[in-house]
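Given chain A, work out where chain B should sit, using these hints.
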Amino acid sequence: MPSQVSTAVMRQGLKVIGVAIRAEPRVFTAAVLSSALYGVMTVASSWALGRATEQVVLPAFREGRTSAGAMAAAALLIVGVAVLKALGVMGRRILAGVMQYRMQAASRRAVTRQYLRLPLAWHHRHPTGQLLSNASSDAEAAWGPLAPLPMAVGVVVMLVTAAVAILVTDPVLAIVGFLIFPAIALLNLVYQRKLSPLATRAQQLRAEVSEIAHESFDGALVVKTLGREDAETVRFRAKADELRDANIAVGKVRGLFDPLLEALPTLGVLAVLLVGSVRLQSGGMAAGELIEVAYLFTLLAFPIRALGWVLAELPRSVVGWNRVQDVLDASGSMEYGAARLDGRGPAEIEVSGVGYGYDPEAPVLREVGFGVAPGRTVALVGPTGAGKSTLTQLLARLIDPDLGTVRIDGTDLREAARGEVSESVALVPQQTFLFDDSVRGNITLGRDVPDERVWAALRLAQADGFVAALPGGLDTHVGERGATLSGGQRQRIALARALVREPRLLILDDATSSVDPQVEKRILHGLREGSARSTVIVVAYRMATIALADEVVYLEHGAVTDQGAHEELLGRCEGYRVLVTAYEKEEAERAAIDSDEEVVA
Amino acid sequence: MTTVTPEREREEREAPEPGAGIRAAERSALETLRHGLRLSPEFRRGLGGTVVLAVLATLGKVIVPIAVQQVIDRGLRGGAPDVSFIRNAVVLCALAVLLTALAGYLMNVRLYRATESGLATLRTKGFRHVHDLSVLTQNSERRGSMVSRVTGDVDQISTFMQWGGLMIVVAGGQLVIATVVMAVYSWQLTLLVWACFLPLVFLLPRFQRLVARRYTAVRERTGDVLAAVSESVVGSAVIRAYGSEDRTAARIDTAVDGQRDAQTRAQKVVGLTFPITELVASVALAGVVLLGVELGLHGAISAGRLVAFLFLITLFISPLQTATEVLNEAQNAIAGWRRILGVLDSPADVADPEDGVTLPRGPISVSFEGVGFSYPGGAPVLHDVSVDIPPRTRVAVVGETGSGKTTFAKLLTRLMDPVSGRVVVDGIDLRDVRFSSLRERIVMVPQDGFLFDATLEENIRFGRPSATTEEIRLALTELGLADWLDGLPAGLDTPVGQRGESLSAGERQLVALARAYLADPDLLLLDEATSAVDPATEVRLARALDGITRGRTAVSIAHRLSTAEAADEVLVFQHGRIVQRGPHAELVEEPGVYADLYASWASATRS
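Sequences listed follow chains A and B, in order.
The first sequence begins at 1 in the numbering used here and counts up one residue at a time.
The second sequence begins at 1001 in the numbering used here and counts up one residue at a time.
For reference, chain A alone in the conformation it holds in the complex (with noise of 0.2 Å):
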């Protein structure tokens, strides 16, 4: 059984090399034609070592006296010999480098081309960690092989060059090398069989302990206030205790297999001096050949072993390259129309019927249907976790509904040609997302606009006093995530990221929940200045903000429970009554608790 795996990871590890030489065949080529210079050449070393001791060292000191040219000879052919072997060394490493290099970046452009092709959709369903590693090192271990590859062609050109050279040497001694080279191949399997299973898990425990580390820093304030460091450490040290047995048992393999990988052609050495002096003593071979055969085999004890480290890294390969694979094939991408959003001025929006569920089981919004005419703009309000966000992700086609459609002019988001949305609707997220980029580039996304629309989009998002401040002005980087600026700071920076490509349609999901009430009032006046200019939907729960819309659309566990003006649905809407007069009610009854207190005293 575990041989059939190991068979199958093998097939597919090479279908895996297979593709990397049709993707660069001439560098592929070029590497393995330096590796099989440097293969020949290391043969080459040792004949040249043989015809050096056989020519010029025995007969010397046989005869009391040498030649100048038989000795130049001698130095320039070891020299050259090296030369060319050095030379060879360094095009395929060199090349095979080049190879690696180029296909990891090939598959970490594929794979991020998909991340921003896939639908949201299929983001949620994915962990980030699992992402990130798609990228990094699942596309750099699946091409882990071709680093060895070039070398270990250049092994078999060595080995089959060493087989002809003993072979022409002397034939009996070529059964030495025939024993114990197979052997050291039947080893080195034997070792990467052992090895790789062993490995897998040690990698595996590796990104556990990466991913514990990461989630335990992520919440290092929670750990902290709640005084659980301990007990993060006890769950660490329990991951890092488990890859430490992992890192043993794979110690323990390489422990015993690497002195016997070591000691094999040692062994061999020692054969073939036995059998060499018995082939002495018969007359059928020179001290000469012997000491060539005798050798190449110190020579060969160590390339030998790269066929074992393409092995070994084959299964390894096999999982990232299947890894970036499942992304490369992710289907479900999301479709796009001819259609183009092409009308002037403020959307309408039709929603209807629209049913939407991260867990079909489970669905967030059912049968969702609301109208919005153009340049209205419209407060969605209902109580945490009604489907609110959800349904603004609907609205800016981040995410398609399982049933139902969302229109736009008429238009079904779903028929939109590509980029037409994202022109016609800004959607400001609950949580705000900043690039590691200036203040203008995350306000602009690298278009062309002018700095005074810049400004001018962030007054309306009340950011212009707080950014004309920083020290660099528009140019000041904001760090990761926008690491350096407050919540409320980021909150209005991302507004004026939405504001300042005036689109049609404006989402505001809870966008102004960091900013203190007397600059989200300003905001608020700003926008109703303005928003003759685009289609609103808000979603809200104070009520300046759905006193600034024209019309509210009430949602309780994913349906729309009713849909009216603010003052309609005060009336006839028990839910939407209480959730929004909750701040008074708490206010008149605690009035009335005060007084009757006083009456009391």
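Please note: incorrect hints may appear among the correct ones.
[Stated by the list, open to error] BS3-like cross-link-like pairs, simulated, lysine-lysine; straight-line CA separation at most 30 Å:
1. Lys252/A to Lys1268/B
2. Lys15/A to Lys1268/B
3. Lys194/A to Lys15/A
4. Lys252/A to Lys194/A
I should point out that these hints are in silico values taken from the structure, not numbers from a laboratory.
Same frame as chain A, but now just chain B:
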């Protein structure tokens, strides 16, 4: 809010100064090594035995050259080879080879055990220390770089420890042994070989530094790729909403290409450096042949010894080649250690006091005595704040963004220490209170209640690990959240997803609140803890908390002033000072900051 200065400073300190002398750099590398080794005492466990085994394993490597020499000089002397002698020699040598392999195996196992144990300890120490750092230091670091301190950086050390460290011993030993054996055969040839290799000893470190520089570039570019990719993943919603896929793709491409080019540049240097030893070896080999024959003609060396010498050169090359890689690994390891030490050496500036005081349970009083605070390198954010909060009072803290409210909260929970003045609880300076006691008695609910990728129940239990399921259910009921719980598909077993992202922002806040409530503190501090919750639920929560916190001290920071109305006392912050204090009813009557805030809030919430 926080500054990035500390990170910058650290990076500047870590970066090698271009003009700095090599000696200084090397000394600090040695110090780093020594300091690093001291951190993991496991490394030294049984080191003596391991070194003995390593020496045995190394000795085995001279077997082949000696065997060759013996066979040629004694076995092949005269006309016919002495086969019985050769047989005995070969059998003896084979036994020695097997013993060597055994020694190698035992050495490896001991080495792996010791180093892996040491590395696990190092990881855990680093992990713990990151949590011990103050929030200030934590926030100034990139999350990913802190994670790599306990993962990748430790891995970087492991290769050196498992292979490189001992290889220095082995390779050094091999050089010595090879030199000794070579000198016994012929001191002239030995000198020649050394003369050939000596330039390498000076050249290789130079190349090594070049390689190290190229690899540093690779690491930096790899960091760029990670940052670009993570932005595209974490910001996927915004990227789609604004149709900026192409721009993001272009940024990623730039990063990916930059990484590929840096890798290729590094590989070129490695590719050029690597065969140098072989070239030098071939020169040495040719030299030995020439000089050896010359010496042989004068009877100074036998043919067997000369041939054995040729084999010994191979033995001489391999430690040099190894040394190249060991140097590389050592550099990697030192860089890794430096980064880990960078964490471990950054002082836990808000530290658990030794012999700290344990506060008895019960209602808690808090005083700020002339407290001032400024972020490192920044302007003061709190000036001379003095306030007493008696036990059992409910205090609301209000003020505009940036007025110092959150700083006040962080000082009260000792997430940071004041720059001047002191914070006193129950008459004891907060800095003298044992952490375990402090965290038990004072619990803060931050605005962004981070949830772990586990079930709802496990997340709430984080507040008090010993709590039973019933207690957790009861806590939710007491907070008026039973209906919400019933509406969840799997109830308490609902998985919340990474960072709690399967729940809405408001729901995450509910969980965070329940978690803190379960912890049963004597002082509960809410930092805009219900900002994303709908008003009806918020009012319900506030009422529930009202009842629950009766008899406890409670401090809430809120921009919804309904909280302030319900509080016993309101602290109004402006520009880092408390400018007004008193009950809502009084403050709202007097003209000032509070009245303005209240008017604006009231107009925002009322129809």
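List of violated hint numbers, smallest to largest: 1
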